[in-house]
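A.B. asks: Here is how the chains run, residue by residue.
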Amino acid sequence: MEEKVFTVLDIDYVDKIGLNTIILKDVDGNLPKIAAGQFMMVGMRENNVKLLLRPYTIAEVDYKQSTVTILVEIRGAGSRRLVEECQRIMCLKESQRYVRDLPNTIRGILPLGRGWTIKDIEKGERILIVSGGAGRASVGYLREELEKKGIETYILMGMKGITKEGKKIKEEDRIYITTEDGSLGFKGRVTDHPMLEGKFDRVYACGPRGMLRALTEKIGRRAPLMEVSLDNIMLCGVGVCLCCAEKLTDGRNVRVCKEGPVFNVKELGWI
Amino acid sequence: MMRVKIGGIEFKNPVIAASGTFGYGLEYKELVDIEGLGGFVTKSITLKGREGNGYPRGVETEGGMLNAVGLQNEGVEHFIKEIWTKIKDCETEIIVSIAGSSVEEYTECARQIGEVKGIKGIEVNISCPNVKEGGMQFGRDVKMTEGVVKAIREVYKKTMIVKLSPNVTDITEIARAAEGGGADALTAINTVLGMAVDIRSQKPKLSTVTGGLSGPCIKPIALRCVWEVYNAVKIPVIGVGGIKDWQDVVEFMLAGASAVQVGMYNFAMPTVTTDIASDLEMYFTQKRIESVSELIGAMKMF
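Chain order of the listed sequences is V and U.
Going by our numbering, the letters in the first sequence line up with residues 316 to 586, in that order.
Going by our numbering, the letters in the second sequence line up with residues -18 to 283, in that order.
Treat the hints as calculated values from the structure; they're not laboratory data.
None of the values given here were measured: they were computed from a predicted structure.
Please note that the accuracy of each hint is not assured.
To be verified - Where chain U lies over chain V, by a calculated footprint (3+ residues, C-beta under 8 angstroms):
hint	segment
1	496 to 504
2	554 to 563
3	566 to 578
For glycine and all other residues, C-beta sits at the position ideal for the given N, C-alpha and C.
Chain V extracted, bound-state conformation (with noise of 0.2 angstroms):
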């Protein structure tokens, strides 16, 4: 892991789906090498509202550009703190008017925690990535750095719904979504997808605990491999605070932010 300064190459801040889709430029050109899963801490050089980084699963990596992508939900005001100074920082570059005395840069610590067990998968295996929500993120380049390999993956995405500005997802060839409110795909929750039917290998899956806990019940047990990445509360992110303890069923309390994010489902006792 490294501390690195970080431009803003763009931001979509109009899908509506409620994700802001940031792209950050690495300023040295140098990114370390990122495996899917692993995420990074993201803060502002000033910030006088809420002065704790915040962890962003990375959703894309631009070796070439230098550049990954997060996609942040705005929860509260550290989220819309950092949305609103990306877009401060883009619209300086756009007029080409920086302000001198005032910090242009965004700060982040990666790469973070342990990502998705991919390395032994083999040719042929049939693999579901689903996600709920801002869990999307995790979906992208996963399913990526599996094509990579030549590994076919099937993709389901669940949300609550998406207005014409969410246009930018559809329903592919192997990617299946469904909304809440049926604007889009399959009519219902994710978990009741009836590709869920199906058989799989192994499953890969990011959203809310509820989602996790269903999706398990209904695929995960039949599944010979169930990870789940889970989106504990972090302060540090680097392991040291311990407040987004984990207590897995052999009883002992682990760091999301190490020893996750990503879990195998049978060292989860909730679920």
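Assemble the complex: chain V is given as a structure, and chain U must be docked to it using the hints.
C.D. replies: The following block gives chain U in isolation, referenced to the frame of chain V:
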């Protein structure tokens, strides 16, 4: 110029990372140049391992954070065998924080630490607000403070620092009790009791309901405590609570701190301690301050 001596330990500069916010020094190795630090205090160690409290254990609040970790650690034996061997060659001073739920636990833990060659000092945590037994109970009572400090003093001969709680009616009487018990120095303050409620779920944001508040929002409280303690005892005071930059350090020193600890801000900016140390050196050079002692308690009264 920046050197400061507390008990038998000479720190190269007065900036120390606070207990619980720097792990065991290993976690930040890749992000912080540890040799730039005056020192660090380890996460508190108890005689036997503890699993800590349930999740959620921490939440950010306005200008600070609440935590209720509950002294999770793997026990003193594990520390000595597995952790100390990995950190003992760090180019900085390491103070081992100890905690317990009974006098015997404190003394046994201190005795075992005392037998380890190379560990120069301990910080006795009698002010943890997040455990059901012990912890802050000791630090809230004059007799219990004096009792536990005295008992540890009997078995531990190296530098002993006692960390005080702000959650008391009069911090000076606890400070005097610790001094009377034989402490070499005092750290003020541990976290301030607080709580936060999620208005959507209408549940508390911590599994323990209340927890310890830290960060810049508690700085004025910490500063007041340091000043009161400084005026009440003769031993050195280490100031901690909401420090984020060199100006804060100067402020704590003027109020009476001989050295400082940085806590929550390590999370916000991992390099904060070494940044402060180099900024402080620049300030000392510019102001032609030759020794830290010129600042300690130098606040002018109108």
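A.B. asks: Tell me whether the statement that chain U covers the segment 566 to 578 of chain V is true, taking a Cβ distance below 8 angstroms and needing three residues at minimum.
C.D. replies: holds (count 3)
A.B. asks: When I compare C-beta atoms, does the segment 496 to 504 of chain V have three or more residues closer than 8 angstroms to chain U?
C.D. replies: violated (count 0)
A.B. asks: Can you take a look at whether the segment 554 to 563 of chain V is actually covered by chain U? Rule is 3+ residues, C-beta closer than 8 angstroms.
C.D. replies: It holds, with 9 qualifying residues against the three required.
Checked against the numbered hints listed earlier, the structure breaks hint 1 alone; every other hint is satisfied.
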